[in-house]
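Chains as they are written, first to last, in this note's numbering: chain E, 1124 to 1354; chain G, 1124 to 1354.
One thing to keep in mind: the hints can contain errors.
Copies of the same chain look alike in the list, so a pair counts if it fits in one copy or across any two.
What the hints assert, rightly or not - Using 16 Å as the maximum straight-line C-alpha spacing, the simulated EDC-like pairs for lysine to aspartate or glutamate come out as follows:
1. 1174 - 1281
2. 1338 - 1181
3. 1338 - 1354
4. 1344 - 1295
5. 1237 - 1318
6. 1338 - 1350
It should be emphasised that the hints constitute simulated quantities derived from the structure, not laboratory data.
There are 2 protein chains.
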Amino acid sequence: MPAKSTDPVAVIGASGALGFGLSLRLARTGVPIAIGSRDPERARETAARAKQHLPEGEFSAHDNAGAARAAETVILSVPFRNQSETLANLSDGLRAGQLFIDATVPLAAAVSGKATRMLGVWQGSAAQQALEMVPEGVRVVSALHTVSAASLSDLDEELDQDVLVCGDKRADKREAAELIDRIEGLRCVDCGRLEMSRTTESLTALLIAVNARYKTHSGIKLTRLPEQLWE
Amino acid sequence: MPAKSTDPVAVIGASGALGFGLSLRLARTGVPIAIGSRDPERARETAARAKQHLPEGEFSAHDNAGAARAAETVILSVPFRNQSETLANLSDGLRAGQLFIDATVPLAAAVSGKATRMLGVWQGSAAQQALEMVPEGVRVVSALHTVSAASLSDLDEELDQDVLVCGDKRADKREAAELIDRIEGLRCVDCGRLEMSRTTESLTALLIAVNARYKTHSGIKLTRLPEQLWE
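I would like the entire structure built from these sequences, with the hints used as guidance.
This is how it looks when you write it as structure tokens:
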């Protein structure tokens, strides 16, 4: 297990399935989690629920902007339907220099369409929409779209899959990878510029189709990669 | 090695890197390959070159329509720039009942853009464009977008990756999978309807970005799938 970290990470949307699982997994590696929710009462409930699952975990409860203020790294994990509103509400919590990891997926389910279909986002992807909306100087990368929320939340499940990381700056991607790679069984892969998110996001819809067919929680692995991915 | 098959398969665009590698790999499992090229002389050269690589392989040379006439299964592996014209030329070789496996990827490179970017295809994907253009009753599936041409062509390289198969009829996908699964180290996965091709096709651009970063020929694997994928 990695050394205990003292830098907290904000998870916006931690009451949702992916955000909750991610909070548990990161907290288990010693990362204090600032749980953000639109409703502070919901954040408190989520923090209490997380504490039940992982008594040694460190969870604090905030409204979204408060969570963002409490950390230098912010993970956004909300349904696409709420991404834009959440980013607007977050703006007075975000500040230049923060690392912002967007995990939003524009599934057509956001407008009552199928979860195996995607919406076209004018900017190209949800991550690019996030980039447009955060304050200047916030460093945006995207990641975690293909990791099953159910798998993350079940702390007994052994993970063994890749996390596809996109972003315009290699250093930002590396920083996100250092955080996410703390979670045993996840391996971050540099998948290019932020615009590649339109593909990594759409993989969620593909995996939903595969999961429905095979009744599983599938993930992605890339083959034939070198040992050192972030030298 | 699987039993020798007597059913030939047409590979349209077999002089290209992916088509050539695929022809070799299939021929090695005993499938006679009808090599199609716009230029019959080029088809003959390609067949001779394939025979050099794999003396025991069975290769015949045709123009595109001739290759399609010679087989019940047709694989289309041409640059996106040529897909539409090739399909127009193929139309008198194709006929109802044939299985048509489209491997076309609408990379932006087709219009001198980056190979890490995709073109938007009005129908949704290159495979859906193919579906629109083939004669009625031709059974279209898409596959093979994520398999590296270089890996296929190097017969000494051990493959170990998945082939993402999309199509509207399960039976058609299964038939394509039975053919492609003959190649050792490839595992076909049912990824849903033909419309999912827009994602499987765009994975090519993603892998090109990953390959540039890591100087490799990466492929895709899906995790946590059952043993039996085509029961």
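Results for each hint:
1. 1174 - 1281: Neither, since 20 Å and 47 Å both go past 16 Å.
2. 1338 - 1181: Cα proximity of residue 1338 and residue 1181: none, with 34 Å in one copy and 40 Å across.
3. 1338 - 1354: between (37 Å within a copy, 14 Å between copies)
4. 1344 - 1295: For residue 1344 and residue 1295, neither the intra-copy (22 Å) nor the inter-copy (26 Å) Cα distance is at most 16 Å.
5. 1237 - 1318: Between. Shortest inter-copy distance 12 Å satisfies the 16 Å Cα cut-off; intra-copy 23 Å does not.
6. 1338 - 1350: between (31 Å within a copy, 12 Å between copies)
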